[in-house]
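Asks: Here is what each chain is made of, one letter per residue.
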Amino acid sequence: MNGAVITTRKRNYLNASYTVRSWLLTHDHKRIGLLYLIGVTFFFVIGGLAAAVVRLELMTPRGDLTESETYNKLFTMHGITMTFFFLIPAIPAVLGNFLVPLMLGARDLAFPRLNLLSWYLYMLGGLMTMWAILAGGVDTGWTFYTPYSSTYSNTYVMATAVGVFVAGFSSILTGLNFIVTTHQMRCPGLTWFRLPLFIWSMYAASLIMVLATPVLAAALLLVGLERGLGIGIFDPAMGGDPLLFQHLFWFYAHPAVYIMVLPAFGVISELVACFSRRRPFGYAFIGYSSFAIAILGFLVWGHHMFVSGQSVYAGLIFSLLSFLVAIPSGIKVFNWTATLYKASISWETPMLYAFGFMGLFTMGGLTGLFLACLAIDVHVHDTYFVVAHFHYIMVGGTVMAFLGGIHFWWPKMTGRMYPESWARLSAILIFVGFNLTFFPQFILGYLGMPRRYHIYPEEFQVLNVMSSAGASILGVGYFFPLTYLVWSMFYGAVAPENPFGHTGLEWQTASPPPTDNFEQIPVVTQEAYSFGPDDALRGPSEEVISIVQAS
Amino acid sequence: MFKPASQLVEVRADGAARVAHQFVDADQQHSAAELGMWLFLATEIMFFGAFFLAYLVYREWYPVAFAMGSRQMDVMLGTVNTGVLLTSSLTMALAVRASEMSQRRWMIGLLVATLLLGMVFLGIKGLEYYHKYAEHLVPFAGWTFAPAGEQRTGMMEFFNLYFLMTGLHALHMVAGLVMLALLVIVACRSPLRDSSSIVVHNVGLYWHFVDLVWVYLFPFFYLVSASGSVAM
Ligand SMILES: [Cu+2]
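Keeping their order, the protein sequence lines are chains A and B.
When you line the first sequence up against this note's numbering, it's residues 25 to 575, in that order.
When you line the second sequence up against this note's numbering, it's residues 15 to 246, in that order.
What the hints contain is simulated information worked out from the structure, not anything from laboratory work.
Ideal placement from N, C-alpha and C gives every residue a C-beta, glycine not left out.
Some hints here could point you the wrong way.
[Said to hold, decoys possible] Rough simulated footprint, nothing fancy, chain B against chain A, three-plus residues with beta-carbon under 8 angstroms:
#1 128–141
#2 297–310
#3 347–353
#4 437–447
[Stated by the list, open to error] Which residues of chain B face chain A? A few of them, derived with a C-beta cut under 7 angstroms, are:
#5 Q42
#6 A46
#7 L49
#8 G50
#9 F61
#10 W157
#11 T158
#12 A162
#13 E164
#14 G168
#15 M170
Generate coordinates for the entire structure from the input sequences, incorporating the hints supplied.
Replies: Rendered as structure tokens:
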């Protein structure tokens, strides 16, 4: 490798062709990953704007900015957009799409056309939902609870449900593609126990996408049929049970949390290994724990229904099973910590996000145990305590990991380095802003402020103002990467093949990779993460550093 | 395996040229396609699973009404339809076999037979729907629902589920018929390729799955009346 090779713009997947058509009809998993990146960023901004208005309204105890109906629509819009159109696809469809074939030493996913179809389904579903929001909005909350959604709400429930239903298929297709690719397309020598941990967790998440999403489709279909045709599955007047909807919905929506967070675990495992220059402690345990979480995740949905009137005995079982999820989650956190112990840690931006993740996810996970406790849940159910808890998991966990992963693989995706000091600054801003936004909400919830209300007693104002102030810092923190990453695509330093000295196959090909990923199909002869002392991969070589400085 | 060696080589050469770029060889492509189909069927099982759960819950709630509702079913037509569908599974299985043996004519004939049997099934199903409509047993879309007997609410749920589940099953049948028709059209126009048999195989898996769903629907809706002695 020398400077000339890099500067003479080798043919890669980005400069292979420049037409709009070549992007919109691409079968290349890397381009589809970037298409998804544009999609999820768009929906993140929309969902973020809705959250901004919500936080602004909550600055004062009175309802002075929005009416109650508008407020209901705003938090629904925030929830639906962020959950179904950002958090679910963020890591799998952007980073997963880009990385799974590269990490497996394959030329593409098993079904490239299905992959493109999944992007179109996602955009179609997303735009239908956006249309519903513009046309008048939805006020059911992201959970679509019956009988409100099926009988009483006068808002655009149908259009939104159809949008989410359609997007669900994109999730199914992505999961299916990843599972088949992982089984069938590993390059020679890449045995299961040589796979990067990112692949293990993507596989576990894919199982959930494939097995849980159809149940959401069924639940939404039933809501739609009840609203549209009067096929009364949930309507007591026709012999139905509104609670059945909650069972079906949470059978999807609890595992969906793991669609969001398992891929995040995968990213963190890569980051921790790379920036502590170590094979992750307990590699196999981290890998298996992903499957344990995926399996247990299917058995705990009833913890959302402790106060719904379900049987106490069912509640006991669901509570116990929910506690059990803490074990594999704990295995991960402890193994990452053990990996860090006495390692030579470096503090690049992705690692800052990884540290942020480990702290915030742990907070989110531990407060999840409070909620899994039957008696405590009666007190904090449907309060801001729950809101804070799942934001610690989803924003503190998934979004942190997503940003960490985006920075880490940005050089591979675009062939350019991100600006390190800006990136560090915004990582810190995001961490501070996040905690200021959501920590007060734990207290608010514990003191009894219910979620989904925009008018609240005076004594909650201080904590709410703190939360809104934090949200503004968080907003600035998110705005920075949005701008400097776009800037770096044109003006960033040219990235070498392997700027962080990591071991995965994706780092053994050019940055950005050629359309077919590898000049020739690689052959793997080592375990994953072999950062041996004599290993040539041990950090950026002098040669590479000089190239970066010269460019 | 029953082909002469020369033909085998030819087929392989042809097949190798047609492997999609992301695959190393035809074997990999075939096993990927088959695994993909099985995963798709897993999603279908979970999808139908939600409705079967609803069925189980409401049958538990309204055992008498479900038995009464089931008495309104035309067991004769249902049995005939079950026979038709199971026969179509047999012709489908034979079509898959024929495609593996590269017997193109047999394959086309058997696929057409499957297609026709599937259409007969849908025809009979449509007739049954019409009867239910005429007997005022459709509880939605503003139609009159006037069942005999007292268990009106439970009967309503029974017929809601009946139309929902058999309707979704019929939609899956329609999708299967479209696939079969496409297979027949392609097979009539061009010779069999190495990759044809995996496509036929996958459509076959789908068709058997849809049949299997019916094998559950039939007793659940037509035969539950025999499960208890319920006074009318
Ligand atoms: Cu849950």
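Asks: Look at each hint and say if it fits the structure.
Replies: Structure-based check of each hint:
1. Counting residues of the region 128–141 of chain A whose CB lies closer than 8 angstroms to any CB of chain B gives 7, so the stated coverage by that chain holds, three being the minimum.
2. Given a C-beta distance limit of less than 8 angstroms, the hint that chain B covers the region 297–310 of chain A is violated, as 0 residues qualify and 3 are needed.
3. Restraint check on the region 347–353 of chain A versus chain B: 0 residues with Cβ-Cβ distances below 8 angstroms, three needed, restraint violated.
4. Check result for the region 437–447 of chain A against chain B: violated, 0 residues qualifying (beta carbon to beta carbon below 8 angstroms, three or more required).
5. Interface hint status for Q42/B: upheld, as the beta-carbon distance to the closest one in chain A is roughly 6 angstroms, under 7 angstroms.
6. Interface restraint check for A46/B: the shortest CB-CB distance to chain A comes to about 4 angstroms, inside 7 angstroms, so the restraint holds.
7. Hint status for L49/B: holds, given a least beta-carbon distance of 5 angstroms to chain A, under 7 angstroms.
8. The interface hint given for G50/B holds, since its Cβ lies 5 angstroms from the closest Cβ of chain A, which is under the 7 angstroms cut-off.
9. Because the closest C-beta pair between F61/B and chain A is about 4 angstroms apart, less than 7 angstroms, the hint holds.
10. At a threshold of 7 angstroms, the smallest CB-CB gap from W157/B to chain A is about 9 angstroms, leaving the interface hint violated.
11. At a threshold of 7 angstroms, the smallest CB-CB gap from T158/B to chain A is about 13 angstroms, leaving the interface hint violated.
12. Annotation: interface hint on A162/B violated; nearest CB of chain A at approximately 17 angstroms, more than 7 angstroms.
13. Restraint check, E164/B versus chain A: the minimum CB separation of about 13 angstroms is more than 7 angstroms; hint violated.
14. The criterion of a C-beta within 7 angstroms of any C-beta in chain A is met by G168/B, whose closest approach is roughly 6 angstroms, and the hint holds.
15. For M170/B, the interface hint holds, the least distance from its beta-carbon to any beta-carbon of chain A being 5 angstroms, beneath 7 angstroms.
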